[in-house]
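With the hints as extra help, turn the sequences into a complete structure.
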Amino acid sequence: MKISFENPDKINGLLTMTVEESDYQEKVEKKLKDYRKKAHVPGFRPGQVPMGMIRKQMGSSVKVDEINRLLGEEMYKYIRENNIQMLGEPMPSDKQTPQDLEKEGPYTFIFDVAVAPEFTIQLSDKDKVEYLTVKVDDELIDRQVDMYASQQGHYDKVEEYDADQRDMLKGDLRQLDAEGNTLEGGITVDSASLLPQYIKVEEQKALFDGAHLGDIITFNPKKAYPDNDAEIAALLKLKKEEVAELSSDFSYQITEISRYVKAPVNQELFDRVFGEGAVANEKEFRQKVAEQIQAQLQGETDYQFLLNVRKYAEVKVGELTFPEELLKRVMKNNNKDKDDDYVEKNFAGSIRELKWHLIKEQLVAQSGIKVADEDVKETAKEAARQQFAQYGMNNVPDEYLENYADDMLKKRENIDGLLDRTIDRKLTQALKGKVKMQTKEVSLDDFNKLIREQNAQ
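Each residue of the sequence shown is one higher than the one before, counting from 32 in the numbering used here.
Keep in mind that the hints were calculated from the coordinates and are not lab data. All of these numbers come straight from a predicted model, not from anything done at the bench. Watch out, some of these pointers could steer you wrong.
[Stated by the list, open to error] Under the rule of at most 30 Å between Cα atoms (straight-line distance), these lysine-lysine pairs were calculated in the DSSO-like manner:
| hint | residue 1 | residue 2 |
| --- | --- | --- |
| 1 | K347 | K376 |
| 2 | K412 | K441 |
| 3 | K465 | K159 |
| 4 | K108 | K386 |
| 5 | K467 | K480 |
| 6 | K62 | K33 |
| 7 | K467 | K391 |
| 8 | K386 | K471 |
| 9 | K401 | K412 |
| 10 | K61 | K87 |
| 11 | K33 | K359 |
Put into structure tokens, the structure is as follows:
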């Protein structure tokens, strides 16, 4: 097979492949013989069907399959061996002329190849990149302690409803007629749960202020939850369509008032959060909480640092010229289910991501980063650890994290994301030891505001 590659402008490549009969004939004959051995044709014993008949029935399709296989293998082999940094997939070129595979070869196939622009990016201690750290002050520790106290709290039964305490009510609902009497055969719900603080209309919400156990409150669900038939249906145990025309008042006799009480900050809370005996007093507890916050924020601050590296590196590299028309064809081909405007709307963002991908590839290679299976497993465990921590579970045994990580890794759709996160994690650590970090301390609120602004861009 003859292969040639032209790349006059460095980014738009033209790959020409000429297939001779000798390139594929031996494989085609072998496959046809294999078909002959397995063919079942009336009038012939297995393996005795005339080769001419097999060739007539199967020859063309086998030949086409073999040529396509050969083109794919040799194309990617050539690209790999010649270090062509291809973007996307090769596309059939407009210069391609029809090839009649029913006739004898040779056959010539021409492909357009998008090639990455040439550039070099290197970072050293001469490059200054901002690294934000979050100030773990008493206010932040107080917020975390309060969260733990809330997570470990419990409900107490009380006699009087207090809106400020966000009390939960239970009671019996009865539909009323126009005169305010219980409607015979009307809607009834026993032990209906109600959180008055979530009622949207202040006038209806105020009806519950200062209510006592046993009181009967008359309110109107339709007025309390305007334009929210789903909420009303859940309260009245009805289907959503059944409440569309409902306008009745309801009586609500309070049978229970529950008030959520936070757990006291004492040894019992310390043991629940960090394990029995891990801390002995509130001072040690707060210190442990501070360390935990720092550890939890490490991933976020490292991520922010990598975003700053990206911004810095993109400016340092400057504008890059991409084969835009060809990449638009590739993008359209990869999104055949999308409308015609999809490429135009998303192309600029795609180019920005592609530029960072190329920059990151160089930084990863320069840092000598290799990713092993155990690295990806550690990323999965860390993801599991963070998920458990969101629910206040900070002392999850390692075996549970192992099992959770194993389950994540069994799903193919998780692998690429975990691999990317692993590369980012290792690259971040490498860059922290390479560039000059300009550390800046900010509050958690300011840090979160910055993250939101960047995500919105």
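Going down the list of hints, with the structure as the test:
1. For the given pair, K347 sits about 27 Å from K376 by alpha-carbon distance, which is consistent with the 30 Å threshold.
2. This hinted pair checks out: K412 and K441 have alpha carbons roughly 13 Å apart, not beyond 30 Å.
3. Taking the CA atoms of K465 and K159, the gap is about 10 Å. The hint holds against a cut of 30 Å.
4. Among the hinted pairs, K108 with K386 is consistent with the structure: their alpha-carbon atoms are about 25 Å apart, no more than 30 Å.
5. Straight-line distance between C-alpha atoms of K467 and K480 comes to about 25 Å, which keeps the hinted pair within the 30 Å bound.
6. For a cut-off of 30 Å, the pair hint linking K62 to K33 stands: about 24 Å separates their Cα positions.
7. Proximity of K467 to K391 is assessed by CA-CA distance (about 18 Å); at most 30 Å being required, the pair is judged to hold.
8. Distance restraint check for K386 and K471: the Cα-Cα separation of roughly 28 Å lies within the 30 Å cut-off, and the hinted pair is therefore satisfied.
9. Pair hint K401 plus K412 holds up; C-alpha atoms about 19 Å apart against a cutoff of 30 Å.
10. Pair hint K61 plus K87 holds up; C-alpha atoms about 15 Å apart against a cutoff of 30 Å.
11. A hinted pair counts as satisfied when its Cα atoms are at most 30 Å apart, and K33 with K359 qualifies at roughly 29 Å.
When held up to the earlier numbered hints, the structure conflicts with none and fits them all.
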